[in-house]
Amino acid sequence: MQTAGGMRLPMGVVFDASFGDSLDDLLALSLLYLLDSKNECRVAAMTTTKPNLGSAGLYEVYQKLYGGRPMAIGMCTSGQGKETGSLLAAAVEGQTISVKSEIDTAEPHGLIRNVLQAYHDGNAAILSTGPGGNLKDLLGLPTALPVVKSKVKVLYAADAPANWPTPVVKVTAEMGAGLNYQPKAEDFAWAEKHPVALALAKEPNAKLNRAAMVAVLKVVRGAEFQVTDAVLQELVAAKPAPRQRMRFFGD
Amino acid sequence: MMTRKALSRRTMLRGAGAAIALPAMDAMAPALRASQLPGPKPVRMAFVYVPNGIDMRNWTPAADGPLTAELPRILKPLEPFKKDITILSNLTHNGGRALLDGAGDHGRCCGGYLSGVQPRKTFVDIKAGISMDQIVANQIGSKTRFASLELGLEDARQAGDCDSGYSCAYTNNLAWRSETQPLPPILDPRVLFERLFGTGAELSPEARAQRAKYRRSILDFVMGDTRKLEADLGPTDRRKLDEYLSSIRSIEQQLERAEKDNSIINPGMDKPYGVPADFAEHFKLMTNMITVAFQADLSRVVTFLVTHEGTSRPYREIGIADGHHPLTHHMNKPELIEKVTQINTYHAQQFAGWVEKLKAAKEGDSNVLENSMIVYGAGLSDGNRHTHEDLPTLIAGNGGGYIKSGRRITARRETPMSNLFLTMMDRMGVQVDHFGDATGRLAGLDLA
Amino acid sequence: MVCLGVPALGYGQAHDFSGTVKPLLTKSCSPCHNDRNASGSVNILPFTAAGSIHEAREDWERIVNKVRSGEMPPKGFPRPEQAQIEQLLSFVKAEWDKADAKVPQDPGRVTARRLNRVEYTNTIRDLFGVEFRADQDFPTDDSGHGFDNIGDVLTISPLLMEKYLNAAERISARALGLDPLPKKPIEIELHSKDKRIRRVAPSLIEGTHRVEWDGEYDIEIGLPGERASGKPVALGFWMDGKLLHTQLIETKPSGLVYFNPYSAERFRLFLPAGEHRFRAGFMDDEFLKTLPPEDLYKDKKNKFLNMIKLVGPFATKQEPASRKALLTCDPASGTACIEKILGGLARRAWRRPVTTAEVKSLAKFVGLAKAEGQTAEQGLQVAMTAMLVSPHFLFRIERDLYPKDPSRTHAITQFEMASRLSYFLWSSMPDEELLRLAEKGTLKDSLDAQVKRMQADGRSAALAANFAGQWLETRNLNSVKPDPKKFPEWNPELRDAMQEETRLFFEEVLRKNLTARTFLDANFTFLNETLAKHYQIEGVSGPDFRRVDLKSNQRGGVLTHASVLTVSSYPTRTSPVIRGKYILQNIFGAPPPPPPPDVPLLDEEKVGSNGPLRKQLEQHRTNAMCASCHNRMDTLGFALENYDGTGKWREKDGGFDVDASGTLPTGKAFANPAELRMVLAGDMTEFAQNLTEKMLTYALGRGLERFDRRTVTGLREKWAGDDYRFQTLIFEVVKSLPFQTKRAEYKKQEVAKK
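Chains as they are written, first to last, in our numbering: chain L, 1 to 251; chain U, 1 to 448; chain C, 1 to 754.
A couple of the hints might just be wrong.
Stated by the list, open to error - Below, in silico cross-link-like pairs of lysine-lysine (DSS-like), each with a Cα-Cα straight-line distance of 27 Å or less:
no., chain 1, residue 1, chain 2, residue 2
1, C, Lys533, C, Lys486
2, U, Lys333, C, Lys481
3, U, Lys260, C, Lys370
Stated by the list, open to error - Under 8 Å between C-beta atoms, here's a sample of chain U residues computed to sit facing chain L:
no., residue
4, Asn90
5, Ala411
6, Arg412
7, Glu414
8, Pro416
9, Thr439
10, Arg441
What the hints assert, rightly or not - Reference listing, derived: stretches of chain U covered by chain C, where coverage requires no fewer than 3 residues with Cβ under 8 Å from a Cβ of chain C:
no., segment
11, 180-190
12, 276-288
13, 304-317
14, 424-435
Think of the hints as simulated: they come from the structure by calculation, not from any bench.
Glycine residues also receive a C-beta, built at the ideal position from the N, C-alpha and C atoms.
From just these sequences and the hints, can you work out the full model?
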């Protein structure tokens with residue numbers, strides 16, 4: 001049983017995006033997973049608002065690449081963004097993906113609720129860079145509302161539902177203002193087929209606003225944390241350290 | 001087919017399964033009552049729960065859709081009934097997972113199996129959720145003599161703890177009448193027989209009516225007494241007496257129902273002597289009686305906890321001397337997995353025997369199986385790693401022509417088991433908006 | 001959760017936190033438990049603040065326990081000086097004592113307890129003298145904290161209520177001798193050819209049968225074949241181990257003894273309803289002594305009894321004793337008599353004085369029955385049924401004096417005390433003496449004398465059966481199933497003998513007021529021939545148990561009882577891990593945390609194939625994570641490897657010599673199980689603390705809470721002062737605050753998961 005003091009697990013972060021549509025999201029997830037590998041946080045769930053198996057598959061690529069725990073990927077099955085853009089096509093090119101049909105994915109709202117339950121009160125956060133559909137569905141689930149209330153310390157979202165019950169920080173392009181970090185494909189060469197490298201090879205001039213990366217660092221390290229180009233340079237493309245298995249011996 | 005021989009007054013002796021016939025009974029009603037009534041037949045529902053997970057490699061058919069290929073090894077005994085079953089994949093109980101409560105997967109997965117909640121980790125102040133069978137029983141139970149029946153084959157552990165800080169209440173019971181009130185299963189075939197077919201069978205109808213009258217006034221008396229007693233008790237003591245009162249009320253309802261129809265059901269079998277040593281025999285005796293209970297419409301809701309989570313029962317019947325639970329922690333050793341698979345198959349074989357009986361029980365143009373939903377499954381998938389997703393689940397029967405069986409249906413990952421329960425409750429005529437951790441209804445059972 | 005209290009260590013100087021505690025934590029714990037690498041999800045940093053001793057007391061208790069037991073730091077990591085450790089422990093304990101002294105002691109509150117199956121059975125026995133086995137009819141009671149008398153988990157279901165109603169009807173009818181018998185007797189034949197007879201000894205057979213009605217039965221024993229010459233022999237008939245009947249089988253005219261060629265010996269006996277184990281056999285059969293051992297079970301050489309037949313029931317001519325006791329006047333004589341009978345009975349059944357109004361409302365049932373055209377006696381039976389399904393009978397409810405103010409403690413009433421005592425020591429209702437003292441208001445002044453009397457009373461065997469049976473898990477003997485291939489000696493006689501040994505042993509410790517150390521290092525035990533053979537101890541013959549002094553050091557104390565050794569084994573083999581866990585849990589009260597699910601359980605299977613089990617386990621323990629628990633657990637378990645899966649002594653296992661030696665994390669070494677017993681008995685603190693906790697839990701019928709720790713530690717310290725003599729524990733428990741007083745219930749709040 002967890003009690004006062006030092007027996008806290010790392011914070012869980014749910015990552016929600018119209019994943020595969022923008023390079024910013026790919027970089028943000030690289031960063032988030034890197035922080036996970038340093039035990040600064042846990043990637044609790046990954047959900048996409050894109051009804052597209054490639055988008056879900058790309059999440060799976062990240063999970064394996066960064067040695068994260070195997071998990072179900074949440075995917076919305078209706079709505080906008082069905083098409084596979086060139087960035088997504090490039091990022092999943094030649095990757096081994098086991099997500100082959102809808103049944104290999106999970107309903108996003110149920111999934112998010114389930115994973116949040118595994119975190120202590122106030123020890124989880126959600127970062128959503130895309131349309132707010134999954135978040136709205138989540139609030140529509142009667143059993144999810146109390147969970148969200150107690151677990152989610154903060155929501156960073158581009159499109160937050162109006163009735164979100166815990167503090168919300170809006171993710172806007174301005175968040176990345178003043179930053180100039182430019183990813184280079186060779187920085188990701190530690191992996192044979194890093195999605196960012198593949199995407200950059202195909203779309204070297206992809207637009208960037210860096211807001212999602214800033215949001216990742218604010219979620220994990222706190223709102224006061226000052227994000228600089230140097231920090232992004234150090235972390236975004238870094239190779240994750242081999243994981244130390246941590247176990248919890250409860251009473 | 002059930003044989004319906006005349007009840008003899010003399011003792012019948014048949015080896016280990018020796019039985020004592022009931023003494024002279026009058027006004028025997030035929031057992032096949034419900035089946036002989038015209039019109040739509042009632043839909044029945046049962047859950048058959050086996051512990052410690054199932055070896056999924058030998059359970060899951062290779063393909064989705066119609067079951068055309070030969071069934072995997074564990075399900076092989078159900079081969080003759082493959083058109084009558086529906087295999088469900090990917091159903092999940094998130095409440096079975098540790099979440100924040102550490103070890104104790106066996107306690108959790110059984111304690112919350114039918115309620116879709118995570119049971120409270122405790123030895124004493126137990127709390128789970130009202131189970132779906134009881135929600136159904138509360139709604140439709142008044143139509144039958146018994147709102148629900150709970151049975152099992154294995155007695156509770158009598159000393160020591162059950163699973164890592166979880167009360168044995170979670171592993172000893174499947175049905176929960178309220179968050180705090182588990183319903184213990186009947187284990188002894190004799191006790192089940194007496195409950196279903198009555199003590200007092202030797203009484204005349206007049207004597208039975210008189211007894212019912214006394215019982216009612218006794219219940220009135222104790223109810224009045226209890227209310228007085230409750231007045232200034234603390235919340236927990238009051239809860240205990242509420243449980244008592246609600247149990248009294250359920251007996252009153254039984255008495256009311258019996259008043260309308262106090263005929264004695266002829267079970268077409270002799271009263272069993274006690275608990276048979278042989279597992280298969282025990283399983284058969286219990287399910288035979290349930291078949292009769294379904295036919296006679298004594299109840300429409302049954303939960304059957306075959307053995308307990310964490311049980312160390314060996315299966316010498318099939319040459320396995322090691323305990324079931326220790327074997328399931330097989331560390332992926334083939335020889336241990338083999339034994340687990342054999343136990344899983346043995347269980348399925350017993351289940352297939354019951355399915356056969358239900359199918360043979362005719363009801364008009366159909367049969368009891370077609371008018372039932374008999375769920376067979378476990379609260380864990382991989383018993384070695386204690387996984388709570390893709391729980392092995394199948395439904396035998398068609399729920400009264402609703403389920404298009406003979407298929408494997410794979411839901412999306414993480415689909416709550418509660419979604420299936422919502423759909424089943426619909427079929428039982430019980431409309432509930434929310435249940436457990438459901439995210440909606442499980443679609444597709446009725447679509448071929 | 002209940003943690004172990006902190007033992008009384010030598011009180012050193014109370015040093016300050018930063019000088020005594022912090023350096024040790026920083027030096028010995030931080031290397032693994034830091035904020036970057038929180039091994040086992042424990043980061044020690046917050047505990048280096050002095051305030052944490054109070055703010056995070058539960059976490060601190062875990063730390064203290066791990067350090068004290070030597071579990072932490074794990075083997076292979078540098079261990080601080082013992083003096084340094086003791087300084088830490090005494091500092092922390094002193095801090096807690098200081099804090100505790102400021103808070104008034106909380107007696108806690110016991111939830112209304114429903115009678116469990118044992119209590120119901122015993123209460124019916126003592127109320128009416130009717131034998132009713134609730135365990136054969138009622139669903140299993142759930143247990144909590146290792147006991148099945150915990151109010152919180154004893155629930156009522158509709159099924160149980162149905163059973164209560166049925167049982168109450170039957171019991172009251174049987175008590176009055178009004179249970180209707182079938183019109184014609186029924187014949188039950190248990191025959192060897194149907195496998196309903198088991199041959200338990202060369203001339204002894206057994207069969208079980210459920211007798212449905214109290215009544216007389218004609219009993220026939222089938223005796224096939226014949227014996228040349230010989231003297232008459234005595235035929236005995238037993239029910240549930242009790243000898244009911246003997247008769248001499250006469251020599252037949254031919255000069256042969258009995259069986260000519262088949263005879264059935266017949267006699268009539270009263271049998272109570274219920275499932276019974278019947279035995280029939282020859283007593284002191286001289287003929288057997290003439291047979292070579294290999295012929296004893298040969299049908300040709302030694303014809304055996306092969307049938308027990310019961311025909312009945314027949315109405316008894318004698319008035320049942322229970323009826324005589326109930327009907328102190330003639331119920332037909334009128335209301336006065338009815339009220340006298342019901343009033344007297346209700347006082348006993350409800351274990352308290354009854355009001356006139358209550359008696360009158362019970363008496364109304366007699367009126368009801370009469371209106372139905374039945375007799376007053378039949379009406380009495382209905383009233384008795386009502387009495388037995390009433391919550392006053394089924395529950396033990398204790399009233400709050402200050403229901404709105406849980407902070408106020410008050411003494412329980414005299415009657416509540418009577419029930420607490422009787423259900424604690426007898427698992428049954430208070431007897432006349434307790435009730436009378438309660439009525440006089442003097443029970444609480446004569447507790448010492450009463451507890452003494454109750455311990456000496458035969459009913460206190462319930463404490464051995466129920467407390468010890470659950471504490472030592474020997475109740476599970478009924479469900480364990482040793483593999484007959486590996487353990488061919490396993491049979492019901494041996495099982496019963498195992499259970500009996502431990503029960504008698506416990507009773508001896510209780511009745512003779514021996515020190516609790518005896519549980520660990522006794523030099524005597526109780527044996528009959530069956531068990532003595534199992535133990536390879538000579539000179540014990542016959543089925544009766546007797547106290548035997550142990551001459552070798554193979555056995556001694558409960559940890560060497562076959563019962564304990566069997567319930568802590570797998571069906572096919574021993575498991576040092578399970579046995580180690582058993583000792584940690586039941587002797588030290590410190591069960592190890594379960595392993596995480598994805599860690600493979602230790603591979604104990606390979607004995608005899610890849611070298612001794614012990615080597616492999618040791619290898620496993622090179623993993624520090626596993627080692628922290630398994631060092632202690634396995635060492636204890638291995639010390640018992642000289643006993644096989646049913647507790648037989650062995651020197652070799654799977655061809656390898658058993659090595660039972662070991663060193664406990666505290667540094668104490670031992671070479672064999674006898675030396676381990678000495679080590680264990682040498683430091684009674686943990687064991688006594690555990691036994692105190694268990695006894696208090698059982699006595700109160702509730703799980704212990706944080707605030708009980710002071711009581712437990714206080715009790716144990718007082719107990720230690722009397723060298724842990726067993727009755728002292730019981731006296732102290734009875735005199736303790738939570739046994740004597742109570743308070744109302746606090747409103748419960750869901751605990752947030754933080």
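Next item on the list: May I ask you to test the interface hint for Arg441 of chain U with respect to chain L, counting a Cβ-Cβ separation under 8 Å as satisfied?
Entry: It is violated, given that the least Cβ distance between Arg441 of chain U and chain L is near 13 Å, above 8 Å.
Next item on the list: Using Cβ atoms only, decide whether Asn90 of chain U comes closer than 8 Å to chain L, and label the hint accordingly.
Entry: 7 Å, holds
Checklist line | Coverage claim, chain C over the segment 424-435 of chain U, checked by counting residues with Cβ within 8 Å (three needed) | finding: That given contact is violated, which follows from only 0 residues of the segment 424-435 of chain U lying within Cβ reach (below 8 Å) of chain C.
Margin query: For Lys333 of chain U and Lys481 of chain C, compute the direct alpha-carbon distance and say whether it is at most 27 Å.
Written below: 24 Å, holds
Notebook entry, point to check: Within the segment 304-317 of chain U, is the number of residues with a Cβ closer than 8 Å to a Cβ of chain C three or more?
Noted result: It holds: at least three residues are needed, and the segment 304-317 of chain U offers 4 whose Cβ sits within less than 8 Å of chain C.
Notebook entry, point to check: Against chain C, does the segment 180-190 of chain U show at least 3 residues with beta-carbon separation below 8 Å?
Noted result: Since three or more residues must qualify, the claim that chain C covers the segment 180-190 of chain U holds, with 10 doing so at under 8 Å.
Notebook entry, point to check: Against chain L, with CB atoms and a cut of 8 Å, does the hint on Pro416 of chain U hold up?
Noted result: 6 Å, holds
Note to self: Holds or violated: the hint that Ala411 of chain U contacts chain L, with Cβ atoms closer than 8 Å.
What the structure shows: 7 Å, holds
Notebook entry, point to check: Regarding the pair Lys533 of chain C and Lys486 of chain C, is the alpha-carbon distance no greater than 27 Å?
Noted result: With a Cα-Cα distance of about 17 Å, the restraint between Lys533 of chain C and Lys486 of chain C holds, given a limit of 27 Å.
Notebook entry, point to check: Does Lys260 of chain U pair with Lys370 of chain C here, judged by a C-alpha cut-off of 27 Å?
Noted result: 25 Å, holds
Check: Taking the least C-beta to C-beta distance, is Arg412 of chain U closer than 8 Å to chain L?
Finding: Nearest chain L Cβ about 5 Å off; hint holds.
Note to self: Is the coverage entry for the segment 276-288 of chain U by chain C consistent with the three-residue Cβ rule at 8 Å?
What the structure shows: violated (count 0)
Violated hints, listed in ascending order, are 10, 12 and 14; each of the other numbered hints is respected by the structure.
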